Amino acid sequence: WRLILFRRKLTVKIGNFEIENQQSEMDNKIGYIFSPELIQACDKVAIVQKRASMVHSLIASYDLHKKMTCISPKQANQHDLRTFHSESYISHLKSADDSTIANAESDLDSDDDDLPEDSAEYGLGFDCPKIKDLQSFVKIIAGGTISAAKLLTSQTYDTVINWCGGWHHAQRDEASGFCYVNDVVLGITELKKKFERVLYIDLDVHHGDGVENAFSFTPTVLTYSVHHLSQGYFPGTGAISSIGCGKGKGFCVNIPLKEGASNGTFVSVFKRTMPRVITNFRPSVVVIQCGADGLAGDPLGAVFNLTDTAYKECLQIVLELKLPTMILGGGGYNKANTARCWTNLTALVTGQKLDVDIPEHDFFEEYGPDFQLRIEAGYRPDKNSKDYIDALVLEVLGNLEEVDVNTTQV
Numbered sequence: 001w002r003l004i005l006f007r008r009k010l011t012v013k014i015g016n017f018e019i020e021n022q023q024s025e026m027d028n029k030i031g032y033i034f035s036p037e038l039i040q041a042c043d044k045v046a047i048v049q050k051r052a053s054m055v056h057s058l059i060a061s062y063d064l065h066k067k068m069t070c071i072s073p074k075q076a077n078q079h080d081l082r083t084f085h086s087e088s089y090i091s092h093l094k095s096a097d098d099s100t101i102a103n104a105e106s107d108l109d110s111d112d113d114d115l116p117e118d119s120a121e122y123g124l125g126f127d128c129p130k131i132k133d134l135q136s137f138v139k140i141i142a143g144g145t146i147s148a149a150k151l152l153t154s155q156t157y158d159t160v161i162n163w164c165g166g167w168h169h170a171q172r173d174e175a176s177g178f179c180y181v182n183d184v185v186l187g188i189t190e191l192k193k194k195f196e197r198v199l200y201i202d203l204d205v206h207h208g209d210g211v212e213n214a215f216s217f218t219p220t221v222l223t224y225s226v227h228h229l230s231q232g233y234f235p236g237t238g239a240i241s242s243i244g245c246g247k248g249k250g251f252c253v254n255i256p257l258k259e260g261a262s263n264g265t266f267v268s269v270f271k272r273t274m275p276r277v278i279t280n281f282r283p284s285v286v287v288i289q290c291g292a293d294g295l296a297g298d299p300l301g302a303v304f305n306l307t308d309t310a311y312k313e314c315l316q317i318v319l320e321l322k323l324p325t326m327i328l329g330g331g332g333y334n335k336a337n338t339a340r341c342w343t344n345l346t347a348l349v350t351g352q353k354l355d356v357d358i359p360e361h362d363f364f365e366e367y368g369p370d371f372q373l374r375i376e377a378g379y380r381p382d383k384n385s386k387d388y389i390d391a392l393v394l395e396v397l398g399n400l401e402e403v404d405v406n407t408t409q410v
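All residue numbers for the sequence shown refer to full-length UniProt numbering, where the first residue is 1 and numbers rise by one.
It should be emphasised that the hints constitute simulated quantities derived from the structure, not laboratory data. Treat each hint with caution, since some may be false.
[To be verified] Within a straight-line C-alpha distance of at most 25 Å, the following computed DSS-like cross-link-like pairs (lysine-lysine) qualify: (1) Lys271 x Lys353; (2) Lys132 x Lys94; (3) Lys74 x Lys29; (4) Lys258 x Lys74; (5) Lys29 x Lys312; (6) Lys247 x Lys193; (7) Lys132 x Lys74; (8) Lys29 x Lys66; (9) Lys353 x Lys67.
Quick caveat: nothing in here was measured; it's all calculated off a predicted structure.
All chains should be built: construct the whole structure from the sequences, respecting the hints.
In structure tokens form, the structure reads like this:
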């Protein structure tokens, strides 16, 4: 790719706001992945229908897009997908499209009976239902994060935001947890062409199992996940004892929290463990997945009691490292709160202070009854005792003794 492909002028209207693909007002080297096709693709996913439009409209309503360079991503191709996903899975996506062409009048509420008989083996159906033009959808989603990675490897930008990325559950040959492609793995694979050591941070309430599985045997990618783990809670992985395998032993860090985790608990474990990660691993680049389903009142995450403050404090620590950084979305099923959270994080990255009163825009009514940007904590009790957190942190720090930066030369 040549950078001219990313920098062509593009004017896009989101509600009453227009976004142009041009140099930002500030020379802060922040890239913002955006295109109509990418928004439309994310809006196809039934569980988060129209969420992408809400996120980008709220960001535009505060003029935050003018503080970044808006970049139209290029679709991924078959070769890109093959850097992680199996040939059989990629072929099956095409088979799923072919088998449903006659019944593909609607993107949503389609009948999974139209899928090929072996679709269940590839995770299609149930939590990953049929989507119209599935193969094209996968390429668009993957292309957003791969494009973000290319901007970092080219050293054109210091920080790149892609709120349409972060689909961390997809496996090599299987869709999972609303994720049909693991754009995170594809983006990290692209980053590895330039950067020696990649630190992946996952703040989603659900464990980032697909990303951990992809890199559990390598010492060049350290995966770090703060999440909930209990019997029957998806995906059922991410125990503190899961620290990687073979040469990658020690390079998987899992911090499972109990129900009701508050801002204080969440930020505390991050602050007490991340310095050791940085010291021992010495990352060259950071990818941070900011899944917002840990927010209080999330209808699907439904276990943590966080506000955007927790995400902002963790992201601030990452930004202070002054390393090339990719910021991704993820879960978040209270769409209004997710848009609030990611808009606040965008303001943090761009150094802007936002008015608490949300500006009027196309999705304004979604933010009632107070129409404010703040997110309030709920009343769920925090079951993470001081003794539990202390023991958790002690074990994590012990596991990090396995991390020897010299082995990353392999």
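Hint-by-hint comparison with the structure:
1. Of the supplied pair hints, the one linking Lys271 and Lys353 holds, its CA atoms being roughly 24 Å apart against a limit of 25 Å.
2. Of the pairs offered as hints, the one joining Lys132 and Lys94 holds, with about 11 Å between alpha carbons and a cut-off of 25 Å not exceeded.
3. This hinted pair checks out: Lys74 and Lys29 have alpha carbons roughly 20 Å apart, not beyond 25 Å.
4. A hinted pair counts as satisfied when its Cα atoms are at most 25 Å apart, and Lys258 with Lys74 does not qualify at roughly 40 Å.
5. Note on Lys29 and Lys312: the hinted pairing holds, with a Cα-Cα distance of about 20 Å set against a maximum of 25 Å.
6. Taken as a hint, the Lys247 and Lys193 pair is honoured in the structure, with Cα atoms around 19 Å apart against an allowance of 25 Å.
7. Straight-line distance between C-alpha atoms of Lys132 and Lys74 comes to about 20 Å, which keeps the hinted pair within the 25 Å bound.
8. This hinted pair checks out: Lys29 and Lys66 have alpha carbons roughly 12 Å apart, not beyond 25 Å.
9. For the proposed pair Lys353 and Lys67, the alpha carbon gap of about 12 Å is at most 25 Å, so the pair holds.
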